[in-house]
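This is what each chain is made of:
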Amino acid sequence: MDISLAIQLMVQGILLGGIYGLIAVGLSLIFGVMGVINFAHGQMMVLGMYISYWILVLVGLDPYLSLVLVAVVTAMLGYVIQATVVNRILDFPEAMQVVPLVSIGLIIENCILFMWGPDHRSPNTALGLESIHFGDVMIDASRLMAFVLAILITGLIFWFLRNNNIGKSMRAAADNRIGALVVGINVDRINNYAFALGAATTGAAGALLIPLIPVSPHLGHDFTLTAFVVVILGGMGNLVGALVGGLILGVAESMSTLWLPPTLKHVVSFSLLVLIMLFKPKGLFGGK
Amino acid sequence: MSKQKKIRTGKGIHRREFIKNSAIVGTGLMLPFGVPTLLRAAPRKIKIGSIQPVTGPLAVIGQGQRKANIMAAKQINAAGGIKSLGGAHLELLLGDSESKPEVGRQEADRLIKEGAVALQGPFQSGTAMAIATLAEQRQVPFVMDVAALDAITQKGYHYSFRVFITARGLVGGAINFLKQVVDMKGVAPKTAVVTNTADPFGKGMSGGFLKGLEKSGMPIKILERIQYPLGIQDLSGEVAKIKSLKPDLIFPVSRPGDSVILTRELYKQRVPLMGIYCPGSPGWYEPHVVKDLDKLILYVLVNVPWINPLSTVYQHANAAFKKEFNQTLDTNSAYAYTGTLVVADALERAGSVQADDIVAALKQTNFKDHPVLGGPIQFAENGDNKGASTGLLQIQPDPVPEKRVRVVLPKNFAQSQEIVFPWPQLWER
Chain A
1 MDISLAIQLM VQGILLGGIY GLIAVGLSLI FGVMGVINFA HGQMMVLGMY
51 ISYWILVLVG LDPYLSLVLV AVVTAMLGYV IQATVVNRIL DFPEAMQVVP
101 LVSIGLIIEN CILFMWGPDH RSPNTALGLE SIHFGDVMID ASRLMAFVLA
151 ILITGLIFWF LRNNNIGKSM RAAADNRIGA LVVGINVDRI NNYAFALGAA
201 TTGAAGALLI PLIPVSPHLG HDFTLTAFVV VILGGMGNLV GALVGGLILG
251 VAESMSTLWL PPTLKHVVSF SLLVLIMLFK PKGLFGGK
Chain B
1 MSKQKKIRTG KGIHRREFIK NSAIVGTGLM LPFGVPTLLR AAPRKIKIGS
51 IQPVTGPLAV IGQGQRKANI MAAKQINAAG GIKSLGGAHL ELLLGDSESK
101 PEVGRQEADR LIKEGAVALQ GPFQSGTAMA IATLAEQRQV PFVMDVAALD
151 AITQKGYHYS FRVFITARGL VGGAINFLKQ VVDMKGVAPK TAVVTNTADP
201 FGKGMSGGFL KGLEKSGMPI KILERIQYPL GIQDLSGEVA KIKSLKPDLI
251 FPVSRPGDSV ILTRELYKQR VPLMGIYCPG SPGWYEPHVV KDLDKLILYV
301 LVNVPWINPL STVYQHANAA FKKEFNQTLD TNSAYAYTGT LVVADALERA
351 GSVQADDIVA ALKQTNFKDH PVLGGPIQFA ENGDNKGAST GLLQIQPDPV
401 PEKRVRVVLP KNFAQSQEIV FPWPQLWER
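If you're matching them up, the sequences are chains A and B in order.
If you use the working numbering, the first sequence corresponds to residues 1 to 288, in order.
If you use the working numbering, the second sequence corresponds to residues 1 to 429, in order.
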């Protein structure tokens with residue numbers, strides 16, 4: 001085995017894992033608080049990518065700088081979706097929750113197609129082509145940035161949930177909805193904030209992906225699927241689990257390049273998913 | 001005052017008299033002009049099914065092709081329609097394959113049920129294969145504007161015709177041009193890696209190229225063939241592998257999207273190469289790709305069925321396309337445009353919308369005024385276009401991104417006499 005190739009693949013796997021974690025954090029947060037799987041997750045991320053792309057093209061602001069603005073826009077969208085749709089379906093059977101959220105995803109996807117057209121867009125960004133070299137091993141600057149920011153964003157959300165009153169209310173509503181209502185928490189409004197926070201994270205993740213992935217309107221389904229695998233690996237609703245799940249998936253997919261053709265990448269990720277579901281159905285960090 | 005006097009002086013004109021007189025005068029005026037107009041039949045409509053990948057990973061190509069189909073039909077209608085059928089207008093029935101063969105087949109079926117007398121499309125070879133089988137079952141002529149897989153026309157089908165070049169023809173062009181470049185520049189690449197999308201076109205095209213290269217006797221050793229799923233979002237591992245293999249050349253069979261990821265990754269990982277030589281696939285000449293990759297895409301060589309930049313048909317069609325859709329008529333759109341013209345030409349000569357008459361006319365096609373490289377479009381017994389050929393493009397520096405894609409071979413169509421090979425390394429530009 002070529003050792004430098006193996007080291008390179010390991011480094012890339014870890015960085016790719018950070019990106020997978022970033023893709024999954026928003027989904028995990030929304031599920032953790034409300035128990036709803038956001039099937040429009042991927043499309044919201046693609047929307048974040050397009051808003052970031054637009055800001056870059058129109059104003060010249062790099063995605064790392066427009067990140068906050070993108071998060072605010074997607075947070076507002078998330079708030080509206082929760083207030084108008086999701087709050088009304090929280091008590092529905094899980095199978096019935098799927099349809100409205102899949103529909104919202106399709107609406108977002110087609111609006112994107114209408115507004116920006118079908119082309120792949122991949123503009124040059126400040127760190128888009130930067131890399132750091134240690135001998136034969138290369139570290140991609142934009143992947144490293146996404147990795148670091150994924151950890152930072154997760155840490156911030158973690159802090160917010162533990163130390164901020166709204167965050168504490170979110171945890172209370174997640175633990176016991178009736179109990180939260182009894183102590184005077186406006187659960188519907190707290191849910192709106194939670195979905196907005198999840199959507200903001202998702203939008204920010206989209207902005208961070210602009211230097212890495214050419215954006216096109218139909219990427220959303222792949223993102224949702226990847227996020228789903230990562231969240232199940234790490235444990236539904238667990239933010240640290242989402243990061244660790246992302247790392248496991250990233251390293252497994254990257255290292256598989258040594259032995260398997262790339263066409264079998266999905267075999268690796270879905271085999272991991274099946275194994276986890278068989279032996280640890282609640283995921284690595286999902287408790288008992 | 002008498003009644004007539006009242007009318008003459010304008011006094012005492014009653015409403016009923018006015019209406020009665022107006023009706024008499026109006027009817028009199030209509031007799032020579034109006035009635036025949038009412039009786040004249042509106043031009044008949046001939047329904048043509050256009051199935052393109054308007055959504056999904058290939059949407060960028062499919063939408064351009066649909067627009068080209070629409071523009072060609074409009075132009076034919078504006079020029080008087082199908083004259084042998086009383087000026088009948090073409091009515092395009094639009095289908096979207098969603099970049100999936102099974103959906104393409106369903107859409108073709110739907111359009112046939114809605115009355116399409118001929119089908120055209122569909123860009124993807126897998127979809128073309130599915131529609132060709134359906135066309136044979138339903139006995140509806142099918143003109144493939146773009147689809148390259150050889151096997152589509154090797155099943156003895158009677159109703160399928162292909163305007164585009166075959167994968168074998170593409171491969172022939174790729175090897176022929178590669179030999180010319182190597183001879184002209186006096187450099188000999190010894191090793192290469194082939195990369196391709198793992199869809200029917202990607203596999204067929206790269207497999208055919210590998211066989212063709214072996215047969216050609218060119219001393220280029222293929223170190224690895226890397227296949228990846230269509231729509232892949234990360235090629236860092238694959239490029240790390242390419243770097244470890246140290247090839248002189250990469251032969252990619254790609255799509256817009258993965259071509260961008262591959263090139264940027266080659267830059268970031270500082271993979272030294274003599275160049276990228278694409279044997280025939282999209283991903284290297286589309287305006288957005290050229291603009292986004294900027295300096296990184298310079299000097300890539302692409303063998304591709306291409307527009308004929310010197311033809312007046314292309315120049316007029318391109319001007320009209322820019323005016324109507326504000327975009328350039330690229331090679332895929334130009335082939336889609338040609339496909340509609342070929343169908344219209346067959347209908348004109350057939351003077352009928354019966355499938356067998358259209359097929360008989362298609363077999364006799366000798367269509368010269370088209371906007372793409374190659375000779376007159378004439379269909380062989382199996383439905384392939386005998387006049388189809390390719391050109392070799394190189395992306396060369398120019399302040400205007402649209403002018404960077406230039407034909408360099410064959411010489412009689414060349415827009416630039418200079419070929420840069422080997423290329424300056426990606427990170428040295």
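Hints are supplied without guarantee of correctness; some may be wrong.
[Claimed, not checked] Computed far set for chain A versus chain B, every beta-carbon distance over 12 Å:
| no. | residue |
| --- | --- |
| 1 | Leu9 |
| 2 | Gly13 |
| 3 | Tyr20 |
| 4 | Ile37 |
| 5 | Met76 |
| 6 | Glu94 |
| 7 | Val99 |
| 8 | Ser103 |
| 9 | Ile107 |
| 10 | Glu109 |
| 11 | Asp136 |
| 12 | Asn164 |
| 13 | Pro214 |
| 14 | Leu219 |
| 15 | Phe223 |
| 16 | Val244 |
[As the list claims (entries may be wrong)] Mimicking EDC-like on lysine to aspartate or glutamate, the simulated pairs with C-alpha atoms at most 16 Å apart in a straight line are:
| no. | chain 1 | residue 1 | chain 2 | residue 2 |
| --- | --- | --- | --- | --- |
| 17 | B | Lys246 | A | Asp2 |
| 18 | B | Lys155 | B | Glu136 |
| 19 | B | Lys246 | A | Asp222 |
[Claimed, not checked] Here's a subset of chain B near chain A, in silico, CB distances under 7 Å, partners left out:
| no. | residue |
| --- | --- |
| 20 | Lys190 |
| 21 | Tyr228 |
| 22 | Pro229 |
| 23 | Pro272 |
For the record, the hints were derived by calculation from the structure and aren't laboratory data.
Where is the CB? At the ideal position from N, CA and C, for every residue including glycine.
Results of checking the hints against the structure:
| no. | hint | result |
| --- | --- | --- |
| 1 | Leu9 | violated (5 Å) |
| 2 | Gly13 | violated (8 Å) |
| 3 | Tyr20 | violated (10 Å) |
| 4 | Ile37 | holds (22 Å) |
| 5 | Met76 | holds (27 Å) |
| 6 | Glu94 | holds (28 Å) |
| 7 | Val99 | holds (20 Å) |
| 8 | Ser103 | holds (16 Å) |
| 9 | Ile107 | holds (14 Å) |
| 10 | Glu109 | violated (9 Å) |
| 11 | Asp136 | violated (8 Å) |
| 12 | Asn164 | holds (34 Å) |
| 13 | Pro214 | violated (5 Å) |
| 14 | Leu219 | violated (7 Å) |
| 15 | Phe223 | violated (9 Å) |
| 16 | Val244 | holds (19 Å) |
| 17 | B:Lys246 x A:Asp2 | holds (13 Å) |
| 18 | B:Lys155 x B:Glu136 | holds (10 Å) |
| 19 | B:Lys246 x A:Asp222 | violated (32 Å) |
| 20 | Lys190 | violated (20 Å) |
| 21 | Tyr228 | holds (4 Å) |
| 22 | Pro229 | holds (6 Å) |
| 23 | Pro272 | violated (13 Å) |
When each numbered hint is compared with the structure, violations occur for hints 1, 2, 3, 10, 11, 13, 14, 15, 19, 20, 23.
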